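Visitor: Chain order of the listed sequences is A and B. With positions in the first sequence counted from 1, the corresponding number in the numbering used here is that position plus 96. With positions in the second sequence counted from 1, the corresponding number in the numbering used here is that position plus 1.
Just to be clear, a hint being listed does not mean it is correct.
Simulated crosslink set (EDC-like; lysine to aspartate or glutamate; CA at most 20 Å straight-line) [claimed, not checked]:
hint : chain 1 : residue 1 : chain 2 : residue 2
1    : B       : Lys116    : A       : Glu506
2    : A       : Lys244    : B       : Asp104
3    : B       : Lys274    : B       : Asp65
4    : A       : Lys244    : B       : Glu72
5    : B       : Lys253    : A       : Asp119
6    : B       : Lys128    : A       : Asp119
7    : A       : Lys101    : B       : Glu141
8    : A       : Lys244    : B       : Glu96
9    : A       : Lys243    : B       : Asp104
10   : B       : Lys165    : A       : Glu418
11   : B       : Lys248    : A       : Glu315
12   : A       : Lys282    : B       : Glu140
13   : A       : Lys241    : B       : Glu72
14   : A       : Lys282    : B       : Glu96
15   : A       : Lys511    : B       : Glu72
16   : A       : Lys183    : B       : Glu249
17   : B       : Lys131    : A       : Asp119
18   : B       : Lys100    : A       : Glu249
19   : A       : Lys243    : B       : Glu72
20   : B       : Lys131    : A       : Glu315
21   : B       : Lys128    : A       : Asp517
22   : A       : Lys542    : B       : Glu307
23   : B       : Lys131    : A       : Glu319
24   : A       : Lys241    : B       : Asp104
25   : A       : Lys183    : B       : Glu252
26   : A       : Lys511    : B       : Glu249
27   : A       : Lys322    : B       : Asp284
28   : B       : Lys274    : A       : Asp508
29   : B       : Lys274    : A       : Glu117
30   : B       : Lys116    : A       : Asp424
31   : B       : Lys99     : A       : Glu249
32   : B       : Lys248    : A       : Glu117
33   : B       : Lys103    : A       : Glu249
34   : B       : Lys274    : A       : Asp285
35   : A       : Lys180    : B       : Glu249
36   : B       : Lys165    : A       : Asp422
37   : B       : Lys253    : A       : Glu117
38   : A       : Lys178    : B       : Glu249
39   : B       : Lys131    : A       : Asp424
40   : B       : Lys253    : A       : Asp508
No wet-lab data here; the hints were simulated from the structure. As the structure is a prediction and not an experimental result, all values here were calculated from the model.
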Amino acid sequence: MASQKVLIDPLTRIEGHLSIEMDVQDGKVVDARCRGDMYRGYESILQGRNPVDAQQIVMRICGVCPVSHGQASSRCLDDAFKIKPTKNGRLLRNLILGANFLQSHILHFYHLAALDYVDITAILQYKGSDAGMVRIRDWVNNELKVKKGRVDELTAAGPFLPRYEGKDFYIKNTDINIDAIAGYVKALDIRQKAHQMVAAFGGRAPHPISMVPGGVTTEPTRERIKNYKSNLKEVEEFVNEVYAGHVIAVAKAFPEYFKLGRYDSFMSYGLFDKDEDRKNFMFEQGLVSGGKLEKLDTSKIREQVRYARYRSGSNLHPLKGETVGDPDKSGAYTWVKAPRYDDRPMEVGPLARIVVALNSGNKDVKRELNAMLKNFNAEVPAALSALGRHASRVIECKLIAKQCYEWLDELDSGKTRNSYDIPEEGEGEGLIEAPRGALGHWIVIKNRQIANYQAIVPTTWFCSPRDDKGGRGPVEQALIGTPISDPNNPIEGARVVRSFDPCLACAIHVVEGDREIGKFRVC
Amino acid sequence: MSLNRRDFLKIMGGTSAALAFPGVMIQGCKKALENASARTNVIWLEGLSCSGCSVSLLNKLNPDIVSVITEHISLNYQGVIMGGTGNAATQVLEEAVKKQRKDFVLLVEGAIPTKGDIFCTIGENEKTGKGVGVREWVEELGKNAVAIVSVGTCSSYGGIPAAKNRINGENQTGAISVQELFKGRKNVLNIPGCPPHPDWMVGTLLHVLLKGMPKLDEYNRPVMYYGKTVHENCERLYYYKRGIFAKEWGEKGCLYELGCLGMDTGCDIPVRKWNNGANSCTDCGSGCIGCTESVFPEFGKRGIYERLHADNKKAGNLVRVAAKKGLGGVING
């Protein structure tokens, strides 16, 4: 039987524009292609600018993880300017980044991923007396009634409906659904509070403004620390008492996703500096491939473009990297480049950080992972899956929230930043982890201006197309074997892809436009 | 639903709205919301964007985002939070075009590429198997929209996606603003900011829905939020008036010498603050980067950060120049 093309375009509930094309045979995915649908040309826009402008501009690569981009850029400039952050600068960077991890992971589970599992129409069965829930129930009822037969009928109870519909798509137990819906609503407030934590030291969120080379500009006043801590307490309680429970409930309802979306090569640049020299991390740096731990050597990173729409050279290290678009390049199907480490694709993100930390002997991670897996009588290999990614985010949130208190206590009256001069010439590398994985920025400075700036973002690693040798990217590979019960409603593929938490704003796929509007592929 | 004066002020975002709205209008709004048989539809499209405006919208408080979605508007399409994906999502847009719906406000986040629809697509055309450009969606849906609201600096003025390579002067996507795309249209307004404050987005939107277009300045921004400069609203104005200037970022004093763009930038952040009062750009010691202005992030040849260290002599001159220009500042003044 010939395979059938199944398309998810656009994959919503992510950051940016992404579509997934799958070949389905006998009800299972046999091949897949990840396509980024947007290109802005940041690397080109940065050329010729003041290097210090870079950190503000690159934050706008992504509105969900601007903190990571801002800090990758600050580190990149630290490196090029040959300076280090002060102790307070390091701690404040960690506190801002930690808060955004909490915000991003909570947002991802509840507001991006959960609607693939939770039946939101269950709210109509709500019989309790919580004012907020009653209000939402009445709203849905009212929407369905008022819009019936109207020109906008399809949008009743938007933006939650319409959605993929099918038998067994969503959790059937009404109580679990209603509890998760309450969690969704509560999580909106909690993630907003985590953003208040980002703003306490970052100035604002998203796109915090205080991160600069050498540290941050914000003084950690008593009032700001108090504000941060009171929000932290609420967020931590939510993570431990609500978020963890909902992830476990989803995993129990859909245990097959411990066997789906699997991958086996992982890389982490290391998360949260324990010292100003950037040698020790709260979540370790390294690679695990085939169960073996390796040391990171960024000189082994290359970007390949055979299947990406660039006319610039292939297999280049980012310091020598080029980004010149070629919309008409034959054979190319995406504008996302294919980064490879020592010629191998790598999964990056929460699962990668947990696996690398576990293999590096991180006791906290081991304890939390084992506790999590105990809920399912599962062993570590089960975690290398779609559900393992969701579980990894919970584990990170628990450990990060706890650690934030210690960073607050370590703050002292010292300087929050070191000053700097822009050198005539220089090169810098800035590595950090975004919530979605390893993020690297590279800069070349000439005449005190940006001569070259390249960023390899987490989604470029996992939503990578085939490389020069034809090897699939991690998401493309992880989709293989995923059952698709209804090609018109391929929710299973969406679940696998969303487990990676794609963030496509700087990823790029180009297709020619067509003036005819009104008829669209529904496969 | 009933909406008293206090509620309305809450929706519009507090203090400065109180100054911007005469009592008569507030009475009018109350009536309008009570009479609405259902909430007005909103379609939110993303072009060349980072989703930062969407994320900022989620930070809305007083009323919170749940109230906004369930009580004040009907959000038909919003790529970051909507339940539908793939064709389950695009059918909403497709039907709105096919049925020539005229019952919605179109919000656009992100700039529009003009060197090819290829640079940003949403959904695929069934016949050609090719992506449908966001430009096409915005043009088609914009035809019948009650109003077109540009959310954020990218859709308002082009912003970073429209910025040029400073070596060859090129912009690879030919990104433009929504008002450029709809040149001559009257019902296009801008809520710039990178990101815009959620109060600005929801407050402006409700003004459009309830009372029609708010008073706009020459950059098509609602005067109620952008009418005063950061400098006029600044927490550090005290220092400026006494000639106390910070020598380093984060220090006490006015940040002008360090290149703060507050004198040139219209917005009420120092009063309104970010994230439930947690902080502001000027209060956190970084200074304003001018993100609500049409010239962001270029500022001519200047760029965002002009100076890295305070230069007393130069700063003194600039302050005198700025004072002469009636606080108009170096960009707009």
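Visitor: Kindly indicate which numbered hints from before are broken by the structure, ordering the numbers from low to high.
Guide: 1, 5, 7, 12, 14, 15, 20, 21, 23, 28, 29, 32, 37
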